[in-house]
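Knowing the structure of chain A, use the given hints to seat chain B with the ligands on it.
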Amino acid sequence: MDDPQPLWVQYWNYIGRILRGDFGLSFTYYPTPVSEVIAQALPWTIGLVGIATLLSFIIGTSVGVLAGWRRGSWIDGVLPVATFFSAVPYFWLGLIAIMIFAVWIPIFPASGGYAWGAIPGFNIEFMGSVLYYGILPAVTIILSSVAGWILGMRNMMVTVSSEDFVTVAHAKGLKERTVMVGYAARNAVLPQISGFALALGFIVGGTLVTEIVFSYPGIGFVLFQAVNAKDYPLMQAIFLVITIAVLVANLLADVLYVVLDPRTRQD
Amino acid sequence: MTTQTRQERAERSSRPSRPEVRVVPPPAQLADDLVLDIRELSVQYGYGENAVQALKGVSLQLGRGEILGLAGESGCGKSTLAYAATRLLPPPGVITGGEVHFRAVDGQEHELLSLSDNELRAVRWSDLAIVFQGAMNSLNPVYRISRQILDAIQVHRPTWSSKQRQDRAKELMQLVGIPAERLRAFPHQLSGGMRQRVMIAMALALEPQILIMDEPTTALDVVMQRQIVEQIVQLRDRMGFSVIFITHDVSLLIEIADRIAIMYAGEIIEQGPAEELYRRPRHPYTRGLLKSFPPLKGPKTELTGIPGSPPDLANLPTGCKFHPRCPFAMEKCVTVEPVLQISPAKPEPGRTVACWLHEDEALLPQELAR
Ligand SMILES: Nc1ncnc2c1ncn2[C@@H]1O[C@H](COP(=O)(O)OP(=O)(O)OP(=O)(O)O)[C@@H](O)[C@H]1O
Ligand SMILES: [Mg+2]
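Chains as they are written, first to last, in numbering that gives the first Met the number 0: chain A, 0 to 266; chain B, 0 to 369.
Pulled out of the complex, with its shape left as it was, chain A reads as follows:
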C-alpha cells in the first residue's frame, strides 16, 4: 500500500505482473491470490451460463426455423409464451422458480453449485451433483433468453423463404427438409451468428444476477462479494476477464462468419 516508488512505475509493474497472470492477493479470500480465485470461479460460470446460452441459441434457432417455415402453425403459439418469459425481470423469474421448484415442490436445490458431501473432482458423484444443481438456473436462463433467438430466426426465415434460390430449390424437387435446412435456414442463420457472439461475450459479464439469486459459485457471485468487500485487485481482474471474454467472443464470431459465409472469404 505504501510503496515509495512513483505512481507510473507502480503502474508499469502492475501491467507487467498482469501479463504474467499475477493479479496480487485477494482481500476477501486473503491470502489466496486473485488468479486462483478467478480460476476456481470461471469454470462454474462458463459451464452454467455458457452451456445454457448455447442451448438457448440452439433451441431458439431451431424453433425459429420451424416457426418461420410454417407460418401460422401451432409453433407460432410458442412465441407469446417465450416472449412473456423474456419480458419478466430475470431475478424475479429466478426467485419464482426457486419458490416453486425448491420450496413448494422441493425437487431441485435452492442454491449452490454442488451437494455438500460431494468431493470436487472428476468423479461421477460430483459431476452428477453439478448437473443436478445446474438444472434450475440453466432452465431459467434459457427461458428468459430463448424468445430473442426464436423471433430473430423466425423473421430471417420468413425473409429468406421468399428469395429466388429457395423457389428454385423447390422447383428442383428437393425434399422439403433439404430446402428448409440447406437453402433457407442455412442463409437465415447468418445474422444470428453476430447476436450469438455478443451473447457469448456477455456470459461472464451478465451472470451476476443468476449467480446471486442461486448463490452459484461462479464469477458473478465472486464479483458481488468483491464489490461488497471493496476488494479492488479482485474486481479489476474480473473486469479484465469480462473485457477479454467479449473480445474473444467477437473474434470467434468473425471466424464463424468466415466459415459459414463464403462471401466474406478472400481466396
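These are computed hints drawn from the structure, not numbers from a lab. Among the hints, erroneous ones may be present.
Residues on chain B that point at chain A, a partial pick, calculated with CB under 8 angstroms [stated by the list, open to error]:
no., residue
1, T85
2, R120
3, S125
4, V141
We treat Cβ as the ideally placed atom computed from N, Cα and C, and that holds for glycine.
Leaving out everything else, chain B with the ligands in the frame of chain A:
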C-alpha cells in the same frame, strides 16, 4: 355457367335411359402430341377485397418438341403463369381455378395442380424445369455451383454414381460455355451472365420434357444471348423437349419460337404460328407490340409502340381490357369482353384472337386483315 351445366345435367338424367347409346363425356385426356395443357388457369394475388386478378382463365397448349413464345408488356402476368403452372406461386398468390395437365414420355398423364407433394416433387426438374426471371438470385449464395447442380441430379437419379453425376455437371457447364473449373466457384464469384447460364445448365441437367424459361437471356450480351438461344434450339432438335420461352423481346421470339402467344392484363389475346403472327398480326395490341421493335430484316419502318400504359390490375377497364389504348375501339369493346376464338372474319387454322373487330370483315381495319 355452373347453373347451366347443372340444368343440362338434370335434363340429361331425366331423359329415358337408352342403354345401347351411352352418353360418353368428351375425353379429359390430352391429345397425343401435347405435353402440357393449361386449362382456364386463374390466379389472384391477395384475398378478399384487395385481391387482384393476375390471370383470368388462361388456356395454353404446348406441343411435344415445340417452342412456344409468350410475350406481353411488363406486368401482364407472364411470370405468374409460369409460377402457377408449376405450383410455385409465392404468397399471396393463389390459384383460384383451372387445370394443368402434363403428359410424361411414357404416356402417363398428371394433373399438376392436384398431385400430392411427393408426386409433384418427382415431376419437378426431371420432367419440368424452369429458369426464373431473377436468375441473378436463383443460386444459393453459400453453396458452390457444383453442389447446387449435383443435389438436383442426386435427388432424381439416386442410382447414378458420384462420378456419373460429376461428369454430367461438367458436361452441362461446357454446354453453356463455362469452363468446368468454375463448378468450384461460389455464386458471388460469377458474373450475372454466367449465373444465368449456370441456371440454364442446371435446368437441362435431367433432360426435362418441358423447359420454362422466364426471360432467360436478359442479363446476357447480344452475342451470348444469340449463342444461348441457338443452343436451346439445337438441344431441342436433339433431345426433343418443349420450351415455353417468356420474353419482352418479340423479335427474339420470331427467330426461335414455333408458336407465339400474346398476353395482355392476365389474358391471352392472340395466339398463332410465329411466322404468321409476326407477318400478319390480328389483334391491335399485337400489332402495336410488334411495331415497338425494329424489324430484323427488310425496310426500316417507323417505331410507334403503343400509346398509354398497361392497365392497373386492381382497376381494370370494362369490356375489352385493351380498349382505352386501342386505336380501333368501338362501342361494343367498352362493354362486352371478347373471347379468344378463331377469327370469324379471317378464319385460319391454329390461330385465335380475342377482338371484336374480327366479328365482321367489314369492321376489320386494313392493317389487321392482311
Ligand atoms: N405479390 C404480389 N402481390 C400483388 N400483385 C402482384 C404480386 N406479384 C405480382 N403481382 C401483379 O401481378 C401482375 C403480373 O405480374 P408478373 O410478374 O406475372 O408480370 P410479368 O408479365 O412477368 O412482368 P415482367 O415482364 O415485368 O416480368 C403484375 O401486374 C403485378 O403487379
Ligand atoms: Mg416476369
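Evaluated hints:
no.: 1; hint: T85; verdict: holds (6 angstroms)
no.: 2; hint: R120; verdict: holds (4 angstroms)
no.: 3; hint: S125; verdict: holds (7 angstroms)
no.: 4; hint: V141; verdict: holds (6 angstroms)
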